[in-house]
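*Asks:* Using my numbering, you'd call the opening residue of the sequence shown number 400 and step up by one each time.
Just so you know, the hints here were simulated from the structure itself, not pulled from any lab data.
It cannot be assumed that every hint is accurate.
Listed below are the simulated SDA-like cross-link pairs for lysine to any residue, each with C-alpha atoms no more than 25 Å apart in a straight line [claimed, not checked]: (1) K629 - G519; (2) K629 - H453; (3) K629 - F590; (4) K629 - D591; (5) K458 - W434; (6) K458 - V473; (7) K629 - R438; (8) K629 - L409; (9) K535 - T411; (10) K414 - E637; (11) K535 - F576; (12) K458 - R438; (13) K629 - A575; (14) K414 - M624; (15) K535 - D626; (16) K629 - G444; (17) K458 - E637; (18) K458 - T411; (19) K458 - T419; (20) K629 - T536; (21) K414 - H435; (22) K535 - P523; (23) K535 - K458.
Computed beta-carbon distance windows for the label pairs [as the list claims (entries may be wrong)]: (24) P469 - G594: 41 to 47 Å; (25) K414 - S515: 20 to 26 Å; (26) P467 - R573: 24 to 30 Å; (27) E461 - T411: 36 to 42 Å; (28) K535 - S442: 28 to 34 Å; (29) D565 - R479: 40 to 46 Å; (30) S524 - P467: 25 to 31 Å; (31) R607 - P469: 38 to 44 Å; (32) R598 - S446: 28 to 34 Å; (33) L482 - R607: 27 to 33 Å; (34) D565 - T411: 35 to 41 Å.
Source: prediction; values computed, not measured.
Glycine included, each C-beta is placed from N, C-alpha and C at the ideal position.
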Amino acid sequence: MKALVFAAGLGTRLKPITDTIPKALVNVGGRPLLWHVIRKLQSAGISDITVNVHHFADKVIEYLDSNPIPGLTVHISDERDLLRETGGGVRHARPFLEGSPFIIHNVDILSDLDISHFAGLADPSALSNILVSERKTARYFLFDEGMDLVGWTNVQTGEVRTPYPDLDLSRCRRLAFAGFHYVTGDIFDVFDSGGWPERFPIVDFYIRECARHRIHGVCVDGLRMMDVGKLDSLREAEEFIGTL
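Please work from the sequences and hints to get the whole structure.
*Replies:* Here it is, written out as structure tokens:
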């Protein structure tokens, strides 16, 4: 099993900190967010990690070069020419990921998730497995009774996106995305056959392709997680790290 860390984002919600450093190097508990994520992946037995870079890419690369971790191979998926969003980021990292199942981890997500346990709950026959929870939010993935993805909704606006024109929303299970993916199928062939461009969000891909390729939802009981995406979340993140 390999891993891809999404670390290319602009970190606009963490301005002005990210005016001078990338989000991946924002300090929490005395260490950069990227350090926490890499250590978590390594603790799950993952020794081959790809990090995508764009915003202050040189600083991320310099950090990784200056802080090598024994037993860990780190690849750089360089997006300095174009920020490809999440789906395009996966596609661009193909040379490092193809041929093996892999975890996708956002650099700004902290959690107590046991990644090996998550992978063990995943359905190996699905194209991708996405971690979801009962967390309250405005945007939800929609699942059928077998926990396969059938759509997405924004409950504040009433928007529904689905490839199923006769979808009965009352029969769907509504769950929030928790920022982890476990890709078990050949997603790169689907990118090719579906005509997906260089730049696109992975959520758009899942919603459009779920009628042809199974996207499976995985719930982990008692999951604690937080998105370190805003300035006012940094203090909370410091406290959260201390409980892990």
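*Asks:* A separate judgement is required for each hint: does it hold in the structure or not?
*Replies:* Evaluation of the provided hints:
no., hint, result
1, K629 - G519, "32 Å, violated"
2, K629 - H453, "19 Å, holds"
3, K629 - F590, "32 Å, violated"
4, K629 - D591, "35 Å, violated"
5, K458 - W434, "14 Å, holds"
6, K458 - V473, "15 Å, holds"
7, K629 - R438, "22 Å, holds"
8, K629 - L409, "12 Å, holds"
9, K535 - T411, "23 Å, holds"
10, K414 - E637, "18 Å, holds"
11, K535 - F576, "10 Å, holds"
12, K458 - R438, "19 Å, holds"
13, K629 - A575, "19 Å, holds"
14, K414 - M624, "22 Å, holds"
15, K535 - D626, "14 Å, holds"
16, K629 - G444, "30 Å, violated"
17, K458 - E637, "23 Å, holds"
18, K458 - T411, "17 Å, holds"
19, K458 - T419, "10 Å, holds"
20, K629 - T536, "16 Å, holds"
21, K414 - H435, "21 Å, holds"
22, K535 - P523, "28 Å, violated"
23, K535 - K458, "35 Å, violated"
24, P469 - G594: 41 to 47 Å, "42 Å, holds"
25, K414 - S515: 20 to 26 Å, "36 Å, violated"
26, P467 - R573: 24 to 30 Å, "43 Å, violated"
27, E461 - T411: 36 to 42 Å, "22 Å, violated"
28, K535 - S442: 28 to 34 Å, "29 Å, holds"
29, D565 - R479: 40 to 46 Å, "45 Å, holds"
30, S524 - P467: 25 to 31 Å, "37 Å, violated"
31, R607 - P469: 38 to 44 Å, "42 Å, holds"
32, R598 - S446: 28 to 34 Å, "30 Å, holds"
33, L482 - R607: 27 to 33 Å, "21 Å, violated"
34, D565 - T411: 35 to 41 Å, "39 Å, holds"
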